[in-house]
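Assemble the complex: chain Z is given as a structure, and chain A must be docked to it using the hints.
Listed in order, the protein sequences are those of chains Z and A. Read in order, the letters of the first sequence correspond to residues 34 to 314 in the working numbering. Read in order, the letters of the second sequence correspond to residues 48 to 162 in the working numbering.
In case anyone wonders, no lab produced these hints; they're calculated from the structure. Small disclaimer: the values here were computed from a predicted structure and weren't measured. One or more hints might be untrue.
[Said to hold, decoys possible] Here are the simulated distance ranges between beta carbons:
hint : chain 1 : residue 1 : chain 2 : residue 2 : range
1    : Z       : G84       : A       : E92       : 36 to 46 Å
2    : A       : T154      : Z       : K213      : 42 to 52 Å
3    : Z       : V76       : A       : E92       : 38 to 48 Å
4    : A       : P90       : Z       : I87       : 23 to 33 Å
5    : A       : A80       : Z       : G246      : 27 to 37 Å
6    : Z       : L96       : A       : V160      : 23 to 33 Å
Ideal Cβ placement from N, Cα and C applies to all residues, glycine included.
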Amino acid sequence: MGATFVITLREAFEASLILGIVYTYLEKIGARDSYRYVTWGGVLGLLVSVGMGIGVGYLSGPLLDLGPDLVGAAVIFAAVGLLTWHAWWMQQHARAIRGQVQHRIDQARATQRLWMVGLIAFTGVFREGAETVLFLWGIMAQAASTNGWGSLLGGVTGVATAAAVGWAIFHGGKHLSLSKFFSVTTVFIMLLAAGLFSTGIGRLQGLGFLPMGEPLWDTSSLLSDRTVLGSFLTGLVGYRARPSALEVIAYIAYLVTAAVLLWGRTPRRGGRQRQTAISTG
Amino acid sequence: MKRCLSLLVSLAVASTWLLGGGVLPANAQTEIALTIENNRFQPEEIRVKANTPFVLVITNKDQGPEEFESHDLRIEKVIPAGKTVRLKMPALKPGTHSFVGEYHAQTAKGRIVAE
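Okay, chain Z solo, but in the shape it has when bound (with noise of 0.2 Å):
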């Protein structure tokens, strides 16, 4: 039981975070009404996954080999791109939101395309969905034997919990002021898009498309990022206990990025520098 619970707990935490993120975002701009694309994106990402779970068992040849490989980084570098766009957007709100309250909805409504969160939300569950479909139907499939229905609970609770830590810290981000919202979000969204980055440079390396190296070092036996702990880690900053050298470039060229697209150009309104929203991080 304890087993299958991390293993759930691993695969589902990633999406709870970004659907906290994305649901919190839309109740500080204060467009709850929007809150269906979210459901939607999630639910659809649900569908599409249970989809493919079956879909798999029903491919053979080349489309078995490759395809779900594919589609997998595919949506991984998609997720990566979707989450920087809106790191973007809430940073440019950010630097709008001194005005009035008023003011600063109706912008985001008047300007933000909410309907964008709904596809944020679908990649974040479909990235892993399919795999916990399949993982959850194979011991649902072995139940009757004298173990299985212990996995199967291990397995539901391990969604269970990662749904419940993705609501709490979110739900807490509700207490922040807006501005500490912003700027707090949208540093974990780098650091959760780099880790995503990585992953995918890394799904890349193992699929040969990009050459492997050694680890560049080895943390396993401090941290492994098979524990809990370390898959929290790994969902919120991208922790690897031994990445390749590739993957650690691609995190920091990442971020280094995403720093000059997001705070790069100081607006010559406002003045103030956005640096400080890097160190709230």
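Just chain A now, kept in the frame of chain Z:
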């Protein structure tokens, strides 16, 4: 917005290029059979030539799906029940590279010895 869109597009182009490049037909490579049965790998030790890519032909004879996973090699591959998957493996450095069946990690363990 424009900048973001162009970032998205270039990311998409870059990944398509990277992915497309790898799909080109490879020359005939050594194929090594690996079977999953009763939540165990058979054989549990695979010997390959170092620095030479090869193909793992994994057959899952169990009732449920299994995930071939090598953490060090960044490989995760689900093999549905009763299916066979041809998994292209990169050239490996000399040494032992362990893998597990993630869905039954207590029993499904194996290693690839590259020499």
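Okay, the hints, checked on the actual structure:
1. About 37 Å separates the C-beta atoms of Z:G84 and A:E92, a value consistent with the hinted range of 36 to 46 Å.
2. Checking the proposed 42 to 52 Å range against A:T154 and Z:K213 shows it holds: the Cβ atoms sit about 49 Å from each other.
3. Z:V76 and A:E92 have their C-beta atoms about 45 Å apart, which keeps the hinted 38 to 48 Å range intact.
4. Take A:P90 and Z:I87: their Cβ atoms lie about 31 Å apart, and the range 23 to 33 Å holds.
5. A:A80 and Z:G246 have their C-beta atoms about 28 Å apart, which keeps the hinted 27 to 37 Å range intact.
6. Between Z:L96 and A:V160 the CB atoms are about 31 Å apart, so this pair conforms to the stated range of 23 to 33 Å.
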